[in-house]
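Given chain A, put chains B, C, D, E and F in place with the hints provided.
So you can see what is in the structure, the chains are spelled out below.
Number of protein chains: 6
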Amino acid sequence: MEKLKVAVIGCGSIAIHRHLPEYQANPFVEIVAVCDLKEDRAQLRASEYNAQAYTDYKQAITDSKADLVSVCLPNYLHAPVSVFAAEQGKHVLCEKPMATSEEEAQQMIEASNNAGKKLMIAHNQRFVPSHEKAKQLITNGEIGKVYSFRTTFGHGGPEGWSIDGKESWFFRKEEAFIGALGDLGVHKADVIRYILGTEFTEVAAMVEASAKENSDVDDQAVTILRSEKGIIGTLTASWAYGAGEDNSTVIYGEKGMLRLEDDPAYGLIATYTDGSKVNYELGQIQTNDSGGQSSSGVVDHFVDSVRNDTKPLIDGEEGYKSLQIILAALEANETKKNISL
Amino acid sequence: MEKLKVAVIGCGSIAIHRHLPEYQANPFVEIVAVCDLKEDRAQLRASEYNAQAYTDYKQAITDSKADLVSVCLPNYLHAPVSVFAAEQGKHVLCEKPMATSEEEAQQMIEASNNAGKKLMIAHNQRFVPSHEKAKQLITNGEIGKVYSFRTTFGHGGPEGWSIDGKESWFFRKEEAFIGALGDLGVHKADVIRYILGTEFTEVAAMVEASAKENSDVDDQAVTILRSEKGIIGTLTASWAYGAGEDNSTVIYGEKGMLRLEDDPAYGLIATYTDGSKVNYELGQIQTNDSGGQSSSGVVDHFVDSVRNDTKPLIDGEEGYKSLQIILAALEANETKKNISL
Amino acid sequence: MEKLKVAVIGCGSIAIHRHLPEYQANPFVEIVAVCDLKEDRAQLRASEYNAQAYTDYKQAITDSKADLVSVCLPNYLHAPVSVFAAEQGKHVLCEKPMATSEEEAQQMIEASNNAGKKLMIAHNQRFVPSHEKAKQLITNGEIGKVYSFRTTFGHGGPEGWSIDGKESWFFRKEEAFIGALGDLGVHKADVIRYILGTEFTEVAAMVEASAKENSDVDDQAVTILRSEKGIIGTLTASWAYGAGEDNSTVIYGEKGMLRLEDDPAYGLIATYTDGSKVNYELGQIQTNDSGGQSSSGVVDHFVDSVRNDTKPLIDGEEGYKSLQIILAALEANETKKNISL
Amino acid sequence: MEKLKVAVIGCGSIAIHRHLPEYQANPFVEIVAVCDLKEDRAQLRASEYNAQAYTDYKQAITDSKADLVSVCLPNYLHAPVSVFAAEQGKHVLCEKPMATSEEEAQQMIEASNNAGKKLMIAHNQRFVPSHEKAKQLITNGEIGKVYSFRTTFGHGGPEGWSIDGKESWFFRKEEAFIGALGDLGVHKADVIRYILGTEFTEVAAMVEASAKENSDVDDQAVTILRSEKGIIGTLTASWAYGAGEDNSTVIYGEKGMLRLEDDPAYGLIATYTDGSKVNYELGQIQTNDSGGQSSSGVVDHFVDSVRNDTKPLIDGEEGYKSLQIILAALEANETKKNISL
Amino acid sequence: MEKLKVAVIGCGSIAIHRHLPEYQANPFVEIVAVCDLKEDRAQLRASEYNAQAYTDYKQAITDSKADLVSVCLPNYLHAPVSVFAAEQGKHVLCEKPMATSEEEAQQMIEASNNAGKKLMIAHNQRFVPSHEKAKQLITNGEIGKVYSFRTTFGHGGPEGWSIDGKESWFFRKEEAFIGALGDLGVHKADVIRYILGTEFTEVAAMVEASAKENSDVDDQAVTILRSEKGIIGTLTASWAYGAGEDNSTVIYGEKGMLRLEDDPAYGLIATYTDGSKVNYELGQIQTNDSGGQSSSGVVDHFVDSVRNDTKPLIDGEEGYKSLQIILAALEANETKKNISL
Amino acid sequence: MEKLKVAVIGCGSIAIHRHLPEYQANPFVEIVAVCDLKEDRAQLRASEYNAQAYTDYKQAITDSKADLVSVCLPNYLHAPVSVFAAEQGKHVLCEKPMATSEEEAQQMIEASNNAGKKLMIAHNQRFVPSHEKAKQLITNGEIGKVYSFRTTFGHGGPEGWSIDGKESWFFRKEEAFIGALGDLGVHKADVIRYILGTEFTEVAAMVEASAKENSDVDDQAVTILRSEKGIIGTLTASWAYGAGEDNSTVIYGEKGMLRLEDDPAYGLIATYTDGSKVNYELGQIQTNDSGGQSSSGVVDHFVDSVRNDTKPLIDGEEGYKSLQIILAALEANETKKNISL
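Protein chains in written order, with the working numbering: chain A, 35 to 375; chain B, 35 to 375; chain C, 35 to 375; chain D, 35 to 375; chain E, 35 to 375; chain F, 35 to 375.
Each pair may be met inside one copy or between any two copies, as identical chains are not told apart.
Below, simulated DSBU-like cross-link-like pairs (lysine-lysine); rule was C-alpha separation at most 35 Å, straight line:
1. K370 <-> K169
2. K207 <-> K179
3. K355 <-> K92
4. K37 <-> K92
5. K151 <-> K92
6. K179 <-> K200
7. K207 <-> K289
8. K151 <-> K72
9. K179 <-> K169
Hints are computed from structural coordinates only; laboratory data are not their basis.
Only chain A is shown next, with the shape it has when bound in the complex (with noise of 0.2 Å):
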């Protein structure tokens, strides 16, 4: 059987560290295609994996005749880039935050409908062992009724982790829109949809941008959520946890709380009312820091779903109601009223 094509556009930390790796890795893919508005990245990129080197999208997209187009841009080019392959007829993988408004999100949706091709967010969070498994033990009834939950994603900044560091995108805001809420809330966001199982309708938020200089862009946030269920909890997303990262989530039900990401030693730690406890050692969890990335599982699925023409787990609905939470969250915070979604 013949490999799928894949062009990689962007030549950042997010294609070098997830996505040029995975494909490689996988044996249905093929990387013909590396873009970068810096010659110099993409030629790097293009001589490591045996691909061609570009530094027009448009041309990476079509030239090279790629099925599958990877979008690891700023997120202000992930609608416009998106929008572009769907039409050129290609299977889409696009960073999060999906893009910068609804109205973009859902032009992404339509142009991939319309061709008739697969759109998939990397919301690499649903595939983490410690959150499979929580949703699996809420979904067989394990914990009863959720009352509330809390949910953290933070750490230093992008700054150790952006190519261009302390010059990232990620701190401009007519580049990034969104700061740490986009970059770590919206994660949350979506990994806390996936294990309860439930949509939230309604959001209030404060906001900062309190610890970072050159920045234009919110580094704290702390959010509240109610579902339609009546489940309450915080999302709090940090570009200012420079101690140590917190990706915990910690979810409170009639029968026990599980605790995910939340201990050094176990992935998940399910304690129950009648005082038994039980302690998950799974896979680790995908952080930015250096260790054990072998893959986020993002790539394979996605590669998955387009050789089954199966919906990808996190499609562009999927995409779109996550970052309505973060979207709702800041205009919560410049409101001050609760936003309903």
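Below, chains B, C, D, E and F without anything else, positioned relative to chain A:
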């Protein structure tokens, strides 16, 4: 020197487990009166502490010639009894939440001021060693500028603590007015104000009564606070953490992070951005669980402030400000707007 | 509703530490008779539990108008007393091993069947949380096809438990018939049948009486079992694990391994071939040691089965099958041949 | 002094990971010949160790003028190649199990005796520090009279170790003759004889081939052994412990219990009936896993015995006795009778 | 057989917590007399142990017809009372330090020798399991030649132990003569002599009285010792280790190091130059703290030596040699010279 | 700005593992000359660091136009080379011990003073985080008045570190003058002076050369020190702690105790008399073992002091005072008298 005479009004759990034994252990105090509407409860404590039993609080306060009055009653009685006691020229130690409205709280303050007597609210968390140490570290600038925090207090509900179990006044709106927020949330509102040394100016919140049957008060509350200095954080309270009490606070700053009562071995863990970590084994937190409840520090502090005529650490004004946050949270939940303080 | 009346026959350790306190704690039962050949022992328990003391078991069973009879006697008396009680129309809870021969066991079953009454054998290990959880995991297919197992029960010998110490009937062949195999081995024969949900068809064994002086029964036994499904494993019993009790079971399957009561912290540890590991902190195993012997679950289950007229989990047939394995082991040791069941 | 010359026959995993590097590290030996039916394998090792490559074992043994011959071949070739080498006047180090029948083993012993040369069988477990320490403690009487034991060796199967993976000769009866029992069980038969300093006189066993596809040898074996002194115990071997290797031995005695290789931190734990406990951190056991495989001690011991003309610790007679146990287990399984040795 | 009669002279803490209960627990002894200058103390113990109370030690020793005398008095009375008792033909167990001068010690030895009776000094550290095990390991050559050591004994001071608290004779020079060195240092002088099996020939020291108010004896002492075999080491004693008792000894040898009472979990840790490490969990050390003070072993040993007419492990000569070291340390401090023994 | 030029004199282990890599890592320095009597050693480092190789130290110092000179030579050469370098107008960083006599040390100080250049002694222990933190805590009065201390430095000897192994100059008196005391003891003399902020006025000591063959210097030393403020403590140094390096210091004060480098997990543990305990995880101590030897801090501090023209933390006077203690210890051992400083 003659001993101070105290009348303890209300013979429920808080009187039994804290006020009475702490007064008994204090060498400068003599328990002269105990009072409860249920005569047998009053008699039982009277014989235990060699005091006079009353069923009428006014008699208990006036006839006993008490110098001090401890108000250990359901929330809706805090204000009237405290005001009466102050008017009779007594120093008052009142349980939290101070009152059920701002007006009541103001009346209490005025009554004590007019009488020239002390009014203290029993926010014992200020005397927890880890809270005191955190305040000291923050004051000394050890973690630099504070960006955000999360603080929570949750357990399985007052039915495991109250002398009346599931029939407790804690679950009845007309007597309690506020549920988990008043029982637990106000503790954290008070202690986070104290630790950070700042006042909060904006509150958002969502509140639910989803976990307890036969209850018409809140049992889940998630709130967000913004300080005058732009610190944002979450404060949550719950009566549905049946699988494990949580009384933790985490504070994020420029140079490090403080984790309070968030680890089974260490009351305080300071982690710094330079990679160093300091673990503090301090005295244990005061909880309702069995175990080393030697003293909360509240009664001793109150007695000292009377003896030395010093301002109590948590006087009426302090109690009022902490109460305001909780009342604002309830209003925010109802109006779906952020409330300014 | 009227309480069920129980007569407890035999006032040795098992009656003192398990049957009597568990009946006492059960709200649906009244202890009406206690019986022991040594009158002072019977009197002591009679006064402790406000019951009638007997030295003649027939009288105790008939005169007391008991509904239930607990047989807490040396092994050689299990059958005659149980048969007598059944013939008198009593529900019978008999200690393990059920009997000293297959014939006796069959008589017990028939007598109860004829009377239309319950017969239960006190194999309490089925109620140990880790055993229950393991059965559930295996039933759910979590470890796939089971290949093999090892299960053991050993401690320092009955002299540390029996009311008669080194003079106990446990060491006399004419009263005990079987030593460690009957005291401990039959427990594991029963519980491994239960956990695996399979019957064993072949037994090989070696048995020794090498550790105890003044004893003429087996104190060491090593056996191997083959199930109808081709599962093979070892079952060992010993009265010479004086340096540390061992009550562990390990089960090896296609997808993982379960370790039960083999770790000081976790009652059950599941290790999977995919590298994940799940540690279960469950309720403690029931042992003869001091400590939290709240309840073995045996008496409550027996009472429930009588009250609801349901089949007891370990009825006569179940007890019989577990006994067969032990008897086969003794025969295998003597004949030096594998015994088919 | 001139170095001893060695010819290593067979270039599979055991030669690659043990024999070749250990000869290389021994200052008194020179590797002169490597031999494998697959020429490329022989060439690869020849160039790595600067030796001559052969595909014909007879040539390798004779032409190379080797003093020593290491037999690293499938089981069915152990005897013929060892006999040939001995007849050519070579000292022989043969892998375990020594042979596939008692007759073959006797021929090997005779051939070496006739040649006046050494024959050693590579039972490396005798050199494991915890095994040596246990032998010493038992010899010194530290645990008194030994009553019983259990010893096991199981892992996920030779497909993870053999150079041919799932196509390995280990799974083919005509080449391996014995499966897990010959691969792993014979190790424990040898080492338990050594540690206890006793011979076994009776064997019962059950053996299954239930876990591996495309295999016609045993992959599960449970056996029981009785020693001349009345010690009884279990010896198990398995290729289906995929969730975790187990190489443990537990020995129960009058005064205490020794646990060998049964704890992740301590190679040996001695627990005594007086309540004391001694934990030994010794050198690591030799396993097939990656990690510190500095040396099994086998090659060094063999070379020393040749250089000093001393009897090897595991000579032909020792290998023969350990082999007998395994062969008896297979016979016991087939005849369903205990086999006397 | 008739029981030995004992008179215990002095009813302070050492009598209350050690001598009296240990005599009581010994089946061969009857407490016939207790004596204290303070009559109420004597009466209290007399009624507790059913003995005769005395305030005059001579009467207590003679009138009671005691066979044994325990001297539990301030240091300056050790010699006169022991000498008197020996002269009356009594076996004497005297607390440490044996005496306040070499002359006194010699008189005690002579008096007992003349009477043909036993004299034992209560150096209980020789009976600590870790000390016994270390002596055995060193004697067996397990750590080879010994090079050096450090041994220390420090706690918060006798005020927490003595029946008189801060008013204790321990702090008065005319009664105690020696402070921490006599209370604690002499214990380690004795036990290090015992463990190493060597005598010390040279002592240097510095001593201070810097920590205790209202005390005129040493509370800090650091000394160095040289043995006849050239072993050098430090011995320290302190009454100012208020933040944690330290009773540790470390011994450095050619082949390894022994750490005694230097770890919370293990009484003895042996670390070897070959990288192996052995942890011993043995019985607990005897301290003045609360907890399992079943027996120091001293009284039982003394009684055995009288009953079997054997030399006590710590007879007068042994006590004398240990005392000499402490006296030399005081002299070294004063003269600023090393003292030869 | 132009880089400072450094000449490193001596190419043994201290140059290889510390001076050269630390100069290399410092952005303000350029290594221009390396010098060793053995030309191949000099050449090797010259090519590694792109410097000029010398065998004559005078040439290396003068011809290279170095600004800085690092003296990494045997002890007896410290003074002459440092003096020469100072006379040539160089800033000098000299290894410890500074010199082999007080006279030499004074000459070094004078030469640098005359030249107006820096002289620093490489007492790297002052830069260990736990030592710095302890100094800060003591200065702040956290443990109140200091009473006593013990400090030690021992390992298996310089043969495991020196480039010449057992043939090292460390073992030859004419080159080293002082053994373990000069290699290790002087480190602790310096650091304990620094931490306590006090000078010592009296030294007693015993010294032995009992552990090393082919050595004529001390390999065991135990000393006691008294400070001007009456603090007494022990300082020990050893080359015979082959079973485990010990670099610990314990300081006892009025309010608490500090344990430095005495725990595998925590660099500093503070225990207080109020029962609280604080564990510090700080940067690792600098040892000769493999592992994270990023930087000792010595070279960076030296370079900073030259660049900013500030007094180095360990200038000649400081090195001199630390040396005095060691020299006094040797004298005390010989004269058997306490030596006053």
